[in-house]
Amino acid sequence: MTARVAVVVFPGTNCEHDVVGALAGLGGDAELVWHGQRSLAGYDAVVLPGGFAHGDYLRPGAIARFSPVMEAVARFAAAGGPVVGICNGFQVLTEAGLLPGALQKNAGLRFVCTTTGIEVCTTRTPLTAHSAVGDVLRLPINHFEGNYTCDGATLARLRAEDRIVFRYTDNPNGSVDDIAGVCNEQGNVVGLMPHPERACDPLLGSTDGAVLLGSLLGVADTRSRAVPA
Amino acid sequence: MRFEVLVEVRLRPGIADPQGATVERALPALGFAGIDHVRVGKAIRLQVEAPDKAAAATTAQAVTERLLANPVIEEADVQVLGPVPAEVAVP
Numbered sequence: 001m002t003a004r005v006a007v008v009v010f011p012g013t014n015c016e017h018d019v020v021g022a023l024a025g026l027g028g029d030a031e032l033v034w035h036g037q038r039s040l041a042g043y044d045a046v047v048l049p050g051g052f053a054h055g056d057y058l059r060p061g062a063i064a065r066f067s068p069v070m071e072a073v074a075r076f077a078a079a080g081g082p083v084v085g086i087c088n089g090f091q092v093l094t095e096a097g098l099l100p101g102a103l104q105k106n107a108g109l110r111f112v113c114t115t116t117g118i119e120v121c122t123t124r125t126p127l128t129a130h131s132a133v134g135d136v137l138r139l140p141i142n143h144f145e146g147n148y149t150c151d152g153a154t155l156a157r158l159r160a161e162d163r164i165v166f167r168y169t170d171n172p173n174g175s176v177d178d179i180a181g182v183c184n185e186q187g188n189v190v191g192l193m194p195h196p197e198r199a200c201d202p203l204l205g206s207t208d209g210a211v212l213l214g215s216l217l218g219v220a221d222t223r224s225r226a227v228p229a
Numbered sequence: 001m002r003f004e005v006l007v008e009v010r011l012r013p014g015i016a017d018p019q020g021a022t023v024e025r026a027l028p029a030l031g032f033a034g035i036d037h038v039r040v041g042k043a044i045r046l047q048v049e050a051p052d053k054a055a056a057a058t059t060a061q062a063v064t065e066r067l068l069a070n071p072v073i074e075e076a077d078v079q080v081l082g083p084v085p086a087e088v089a090v091p
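Going down the list, the protein sequences come from chains B and W. Sequential numbering of the first sequence, starting at 1, is according to the numbering used here. Sequential numbering of the second sequence, starting at 1, is according to the numbering used here.
These aren't lab readings, by the way, just hints derived from the structure by calculation. Take the hints with a grain of salt, since some may be wrong.
[To be verified] Facing chain W, from chain B, some residues (calculated, C-beta under 8 Å): (1) Y57; (2) R59; (3) A62; (4) G101; (5) A102; (6) A107; (7) G108; (8) L109; (9) T149; (10) A153; (11) N171.
[Claimed, not checked] Under 7 Å between C-beta atoms, here's a sample of chain W residues computed to sit facing chain B: (12) P18; (13) H37; (14) V72; (15) I73; (16) Q79.
[To be verified] Computed far set for chain W versus chain B, every beta-carbon distance over 10 Å: (17) E4; (18) L6; (19) R10; (20) A16; (21) G34; (22) I35; (23) D52; (24) A54; (25) E75; (26) A76; (27) V84; (28) P85.
Note that beta-carbon positions come from the ideal geometry of N, C-alpha and C, so glycine has one too.
One chain only, chain B, in its complex shape (with noise of 0.2 Å):
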């Protein structure tokens, strides 16, 4: 495999390592990239991963989407390039406006922390193109900010569209539509509340994560090989 993952790393983003693991775990290779930097060339996925970029001040992903790697991100997910969003980094691509909605605090106030099982939607994504429509997957949440929120024509939109990439099968924060992922509309940018990379492995209980990382690898790869470096 000649894939190179950016997975990029926020002051208070703390889900770097698990991210790198997981695809290093299905013979990736990933690395991490500070949120500094300008440029994401010579890379073939990018993975904004999970924790409290910039603090969550504000809002989560509020700041963060200032952050100058922002610019290059827009830039690769424009030319078509695969950039998955984990937790608060979904959250990031909200606020950068790369997807659309928003994540509001949970319905009932809880921060959750629970295993729930997901159900795929759509497998027009680079998560999702190794799944099958109705699949469910059982992944973790660790969240307090996962509701997620659109209008009702965007949600229109996304029903219309295709877009929407998985659905919680027992909705545990209020998001409309039971909706746990979201891609754009060309499909090449998914952002999910759940964390794939934390199942990765039988020891932590569930490996259906792998099932999704290894579908991003195997885009990444292919596009690794049609894209002259």
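Go by the hints and put chain W onto chain B.
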């Protein structure tokens, strides 16, 4: 001149407000009756260096739209409270 600005950020009407709902539910237990429509937002104060009040308002409005509020779920009011007295302008 330096102007004191107050920005009120609140959730748009129709967006569920779990914090407001929680506060509202706590009130009867404290003996307060007849209170509803509790909404929790943010108040942000800042000082803006600008030639006049209108310019301060324009700058604060731009800051609010760019950073302080997320238009997907929030709306905001920007209020220029007035000039900051010179002697306390720089703490």
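Hints, verified against the model:
The closest approach between the C-beta of Y57(B) and any C-beta of chain W is roughly 11 Å, which is over the 8 Å cut-off, so the hint fails. Using the Cβ-Cβ criterion of 8 Å, the hint placing R59(B) at the interface with chain W is satisfied: the shortest such distance is roughly 6 Å. With a cut of 8 Å, the hint placing A62(B) at the interface with chain W holds, because the nearest CB-to-CB distance is about 7 Å. The beta carbon of G101(B) is positioned within 8 Å of a beta carbon in chain W (closest approach about 6 Å), and the interface hint is therefore held.
Because the smallest distance between the Cβ of A102(B) and any Cβ of chain W comes to about 4 Å, under 8 Å, the interface hint for this residue holds. About 6 Å separates the beta-carbon of A107(B) from the nearest beta-carbon of chain W, less than 8 Å, and the hint is met. Hint status for G108(B): holds, given a least beta-carbon distance of 6 Å to chain W, under 8 Å. Annotation: L109(B) was flagged as interfacial toward chain W, and the flag holds, the nearest CB pair being 5 Å apart, inside 8 Å.
At its closest, the beta carbon of T149(B) sits 6 Å from a beta carbon of chain W; the interface hint therefore holds under the 8 Å criterion. Of the supplied interface hints, the one on A153(B) is violated, with its beta-carbon coming no nearer than about 12 Å to a beta-carbon of chain W, more than 8 Å. The beta carbon of N171(B) comes no nearer than 13 Å to any beta carbon in chain W, farther than 8 Å, and the hint placing it at the interface is violated. For P18(W), the shortest C-beta to C-beta distance to chain B is roughly 5 Å, which falls under 7 Å, so the interface hint holds.
Because the beta carbon of H37(W) sits about 18 Å from the nearest beta carbon in chain B, more than 7 Å, this interface hint is broken. Using the Cβ-Cβ criterion of 7 Å, the hint placing V72(W) at the interface with chain B is satisfied: the shortest such distance is roughly 4 Å. Here the hint on I73(W) is kept, as its CB sits about 5 Å from the closest CB of chain B, short of 7 Å. With 7 Å as the threshold, the beta carbon of Q79(W) stays out of range of chain B, its nearest partner Cβ sitting at about 19 Å, so the hint is violated.
Against the 10 Å criterion, E4(W) stays outside the reach of chain B, whose nearest CB is about 20 Å from its own CB. Once the 10 Å rule is applied to beta carbons, L6(W) is consistent with being away from chain B; the minimum gap is 16 Å. For R10(W), the shortest C-beta to C-beta distance to chain B comes to about 13 Å, beyond the 10 Å cut-off, and the non-interface label holds. Not every Cβ of chain B is farther than 10 Å from the Cβ of A16(W); the closest lies at roughly 7 Å, contradicting the non-interface assignment.
Annotated as non-interface, G34(W) keeps its C-beta farther than 10 Å from every C-beta of chain B; the closest such distance is 23 Å. With a minimum CB-CB distance of about 19 Å to chain B, I35(W) clears the 10 Å threshold, and the non-interface call stands. For D52(W), the requirement that its beta carbon stay farther than 10 Å from each beta carbon of chain B is met, with the minimum near 28 Å. Its beta-carbon lying about 26 Å from the closest one in chain B, A54(W) satisfies the requirement of being farther than 10 Å from that chain.
With a least CB separation of 13 Å from chain B, E75(W) remains clear of the 10 Å interface cut-off, as annotated. Its beta-carbon lying about 12 Å from the closest one in chain B, A76(W) satisfies the requirement of being farther than 10 Å from that chain. Under the 10 Å C-beta cut-off, the non-interface status given to V84(W) relative to chain B holds; the minimum distance is some 23 Å. Non-interface call for P85(W) relative to chain B: holds, since the shortest CB-CB distance, roughly 28 Å, exceeds 10 Å.
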